[in-house]
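S.K.: The residues making up each chain are set out below.
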Amino acid sequence: MKIVVIGNGMVGFKFCEKLIAKAQPQQFDIVVFGEEIRPAYDRVHLSEFFSGKTADDLLMSPFNWYTDNNITLHLSDPVTNIDRAAKTVTSHKGITENYDVLVIATGSSAFVPPIPGVEKDGVFIYRTIEDLELMQAYAKKAKKGAVIGGGLLGLEAAKAMLDLGITDTTVIEFAPRLMPRQIDEAASNILTNKLETLGLKIATSKNTSQILGDTAITGMQFSDDTNIEVDMLVISAGIKPRDEVAKLCGLEVGLRGGIVVNEQLQTSDASIYAIGECALYNGMIYGLVAPGYDMANVVATNLTAPPPLQREDLEPSINNDFIVSSSSIVPPLGDQGASFIGFDMSTKLKLIGIDVASFGDPFIQNKDTRTIVFEDTMKGIYKRINITGDGKYLLGGILIGDAEAYNMLLQTSKNKIVLPPNAEDVILGSRGGESEAGAGVLSLPDDAIVCSCESVTKAGICTAVSESGCETIDAIKKCTKAGTGCGGCVPMVKDLMLHTMKAQGKYVRNVICEHFDYSRQELLDLVKMDQLKTYDEVLDTFGKGDGCEICKPLVASVLASLWNDMILAKGNATAQDSNDRFLANIQKGGSYSVVPRIPGGEITPEKLIVIGSVAKKYNLYTKITGGQRIDLFGAHLSDLPKIWEELIAAGFESGHAYGKSLRTVKSCVGSTWCRFGLHDSVSFAIQIEERYRGLRSPHKLKGGVSGCIRECAEAQSKDFGIIATEKGWNLYVCGNGGSKPQHALLLASDLDSATLIKYLDRMLMFYIKTADPLTRTATWLNKMEGGINYLRNVVVNDSLGIGEILEQEMQALVDSYKCEWKEAIENPEIRKRFSHFVNAPEEKDPTMKFEPMREQKKVTDWK
Amino acid sequence: MEESTKNTSPNSSKPSITDDKYTWFFACDSADVPDNGGVCVKYNEDQIALFHFTRRGEWYATQNECPHRKQMALSRGMIGSQNDEPKVACPFHKKTFSLITGECLSGDECAITTYPVSVVNGKVYIGMPANNN
Ligand code: SRM
Ligand SMILES: Cc1cc2nc3c(=O)[nH]c(=O)nc-3n(C[C@H](O)[C@H](O)[C@H](O)COP(=O)(O)OP(=O)(O)OC[C@H]3O[C@@H](n4cnc5c(N)ncnc54)[C@H](O)[C@@H]3O)c2cc1C
Ligand code: SF4
Ligand code: FES
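Protein chains in written order, with our numbering: chain U, 1 to 863; chain R, 1001 to 1133.
Derived by calculation from the structure, the hints in this document are not laboratory data.
Hints are supplied without guarantee of correctness; some may be wrong.
[What the hints assert, rightly or not] Only pairs whose alpha carbons sit at most 27 Å apart, straight line, appear in this in silico DSS-like list of lysine-lysine:
#1 U:Lys478 to R:Lys1070
#2 R:Lys1095 to U:Lys588
#3 U:Lys588 to R:Lys1070
#4 R:Lys1042 to U:Lys700
#5 R:Lys1070 to U:Lys477
#6 R:Lys1094 to U:Lys53
#7 U:Lys844 to R:Lys1095
#8 R:Lys1042 to U:Lys844
#9 R:Lys1021 to U:Lys857
#10 U:Lys832 to R:Lys1042
#11 R:Lys1021 to U:Lys849
#12 U:Lys53 to R:Lys1095
#13 U:Lys478 to R:Lys1094
#14 U:Lys844 to R:Lys1070
#15 R:Lys1042 to U:Lys858
#16 U:Lys533 to R:Lys1042
[To be verified] Partial list, derived from the structure: chain R residues whose beta carbon lies under 7 Å from chain U:
#17 Pro1034
#18 Val1041
#19 Asp1046
#20 Gln1071
#21 Gly1080
#22 Pro1091
#23 Lys1094
#24 Lys1095
#25 Val1119
As the structure is a prediction and not an experimental result, all values here were calculated from the model.
Glycine included, each C-beta is placed from N, C-alpha and C at the ideal position.
Construct the complete structure from the given sequences, taking the supplied hints into account.
M.R.: Below, the structure written as structure tokens:
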């Protein structure tokens, strides 16, 4: 059977994909016409084109997917005519193809209101990659932007303007509030506030009467006699279904556009279907991708599955031939065929970083219903739910600022799940008690659609886990396609996966990798019990295979945390992470950095001179780091031992900038000089840094000591932060800078120095023993049940009775500290490894290139 | 103590031997290569990463350049296995490559060239394709 598809957008593509998946080999001959220059791409994530994605990144499938699946794809060639009597289509370029079944998936175009002046330069629509390229080119000379339309697409367009650097942008909405179709006034106010803090101007109840300017736009005139200056405008005021070819050949279209379809998505001509944004079902155009996918699925299903009646008739001889031999007829649609029965227009989006969701009936309000609203104007959070008068069922709602509960709420309303006695719990979260979300997922019926983009049910996901053995999100994505569309359901899919695995009696753990079936914590205990000392012993005893780049550094770190042997000692050298293996950080180009320890950031002039002269001698770039010390960059591998030899002779030692170990304890100048200083923060920082130097841990460790609450050492952003008080020191723990900054939390107050060190010993050792690999203390604490209260109980109240052991273990590590660079330069076996060529040890890597910059050097950029 | 790979091996320790398929050049003594680790060998203008996979009793050689950012670094990478396929992880971004086929095991980077290795009497030889013009 020959199928012609008009339109290669998101829905047209999805139709091909579904058809291929369901069809027998060679069952169909598929020809696709697309008007755009490239194969179907992800329009939903179009704005990411401005934040770094390329057109290729956005493709649904590359061009060769079509050839691989025997689909003939004509690009840049719109269909201009359909001859229904002859069953042929003709394209702009003059190609004529006959069809048995025709599928129209022409989507929609931007609706442009008839405002005088819309044709001027600088006025854009926002629908295709070409539109975006045009905007990008124009934006370079634009400063003042505007967007007509405060709906979903308009706000997307406003984000695009910000991404294009046009920060002075006004959003103009005709209705009295933003997103009038999805949210109510209170929600719109919250959203408006949030958008305004990002610099957008919001003008509601505004009607544009004219676009000003000669050839290019210079301003906009409104019907209330106001006007604004604008040099770039995007119109995003709605969509207009592309029904022109359908209309031309006499198919029935709606009054305001759209190709009329029935439940099987058939148009007024039974062998022509329409799907996606061009289809008008029950008087409605569905401007979202999920209903379009559902339509694609219905048609693909009906084309591939013959109705049950025929199947029964032919039962004894049913085989592939049957289907192939029916190739020239349109399969009649029995009552039992799949059908489209409308679609919930619930949506959740991230608009300019703000969660916005609405589901079910967001507005309903009458005497038979109740509405519960939660509003926090400070944080910009608004939640509204509408429930039945008896409080049993959820009818719909709106979430702004925090839409985490969206999936669960959507499912609760769709599946008519009975609400908890206090319905407000569903938006206020479970206040005390077991994790609500988990129980929630389980309460869904099996046929609840979890992934609406791909119509995957709860049962579909659970069986993928229990029967097909999919035990990772990736595996489930591959097997069911759930989560591959908008991605919104992924957290729920994960919950379902974990619950199913637990229900099967599987102990869900995060094992290290294919070579070790243990968590880091378990392995640490085992290694300790068996007193193992090398990577190979550990692999032989507890692992399998040959190891990899995940378990090797992990085991090496565990061994170092337990025994503190020289990390490059025979047997363990090549199990170290590549930086540890050469006791330095590798840089672009393959050179290394040298970071001597400068405890507390205090250094003598003599030592500064040594750093300067070593840097000069080996031609190193020098920079003061964010950690109060000096980094020397651009060292050749073979120079590292010589450089360290000189530094060590001058009294320096390794700064462990390369290791998952203590980096710096930052200090402020403290009471020795500062008029506010309460105690000597520098001395204390040096004492602490020297205590924990060389300590190997699951991730790097940083500390800080401030002499008073002014906090010049930024101690509260460190893994441990110490702040002087009138009576002693406050100890803060588990802070983090980095990409997800988090303030440290107060563990104990007004401590004397000895008690503080005792607590710190316990806390750090507890962290070393229990954290997952590559987990900073902040994340460790975030995952800890009971959080800071639990940690305080363990460390301060010794609730586990392990305080003393932890202190002893830490003391053993402190006592066995040696500078590993000193050991390395003194050991000829180790030293010999620091050369680029094994067969030409004196030669440096000739490919390494530097160039001058501001009187120093920099490495030549990589390609 | 000495391993010999499946490849035809040169039978003396002269610097370089040519058979019909490879020019075998002398790289280094086997003791120069760390257990379960790699070194970089200079061959004319080329850089070759040589690995002694002691755990498997195998030797491997590949180009030293990582195709991802064109860095001369693979010899400094960690070796290991993935479903029993021996591999090396580049120190820069941990892309991994099969030591047997050279194929990139972590997505789209292009493959690396691999070379046969032969060890005779503690001397390591690497085979360069013979009419490598
Ligand atoms: C040199 C330095 C930047 C500078 O010029 O100032 C630096 C340089 C690097 N940082 Fe950093 N960080 C430096 C201070 C910081 C700071 C500021 C501080 O310590 O006060 C932070 C935020 C504070 C924090 O860690 O909580 C910081 C957060 C990171 C992170 C993110 C950690 C996180 O938890 O999210 C990484 C990535 C990682 O470790 O996984 C990182 C990783 C790196 C690496 C090691 C990246 C790499 O793997 O090649 C950089 C190479 C250093 C080298 O080659 O020597 N660097 N890095 C600073 C060295 C400090 C020192 O003396 O040791
Ligand atoms: C910026 C933006 C953000 C969006 N965000 C979301 C979102 O967050 N969530 C959501 O659910 N939806 C979103 N949408 C809507 C979603 O993209 C559409 O619902 C979806 O693309 C519709 O798919 P379609 O195949 O019906 O139409 P389209 O993707 O428009 O595809 C139709 C294709 O047919 C081509 N065509 C038209 N006429 C012809 C012809 N005669 N011959 C050949 N080809 C022809 C067109 O050029 C086009 O390529 C967004 C849309 C935009 C523009
Ligand atoms: S912030 Fe990024 S680029 Fe700068 S030093 Fe740290 S890791 Fe390197
Ligand atoms: S340079 Fe090798 S992985 Fe990036």
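S.K.: With chain U as the partner, please determine if Val1119 of chain R meets the hint condition of a C-beta pair closer than 7 Å.
M.R.: violated, 14 Å
S.K.: Going straight from one Cα to the other, do Lys53 of chain U and Lys1095 of chain R come out at no more than 27 Å?
M.R.: Roughly 22 Å separates the two Cα atoms, so the pair holds.
S.K.: Hint check: is the beta carbon of Gln1071 of chain R less than 7 Å from a beta carbon of chain U?
M.R.: holds, 6 Å
S.K.: When the nearest CB of chain U is found for Asp1046 of chain R, is that gap smaller than 7 Å?
M.R.: violated, 11 Å
S.K.: Is it true that the CA of Lys1042 of chain R sits at most 27 Å from the CA of Lys844 of chain U?
M.R.: Given that 27 Å is the threshold and the Cα spacing comes to 11 Å, the pair holds.
S.K.: With the threshold set at 27 Å, check whether the alpha-carbon distance from Lys844 of chain U to Lys1070 of chain R stays at or below it.
M.R.: Distance ~17 Å between Lys844 of chain U and Lys1070 of chain R Cα, so the pair holds.
S.K.: For the pair supplied as a hint, Lys478 of chain U and Lys1094 of chain R, confirm whether the alpha-carbon distance does not exceed 27 Å.
M.R.: The hint holds at about 24 Å.
S.K.: Quick one, is the Lys1095 of chain R hint okay against chain U at 7 Å, beta carbons?
M.R.: It is violated, given that the least Cβ distance between Lys1095 of chain R and chain U is near 10 Å, above 7 Å.
S.K.: For the hint on Pro1034 of chain R, just tell me whether its beta-carbon gets within less than 7 Å of chain U.
M.R.: Because about 5 Å separates Pro1034 of chain R from the closest Cβ in chain U, which is inside the 7 Å limit, the hint holds.
S.K.: Please verify whether Lys478 of chain U and Lys1070 of chain R have alpha carbons no more than 27 Å apart.
M.R.: Measuring from Cα to Cα gives roughly 32 Å; hence the hint is violated.
S.K.: Can the restraint linking Lys844 of chain U and Lys1095 of chain R be considered satisfied, given a maximum Cα separation of 27 Å?
M.R.: holds, 25 Å
S.K.: Would the pair Lys1021 of chain R and Lys857 of chain U pass a check requiring their Cα atoms to be no farther apart than 27 Å?
M.R.: violated, 45 Å
Comparing the model with each numbered hint stated earlier shows that hints 1, 4, 5, 9, 11, 16, 19, 24, 25 do not hold.
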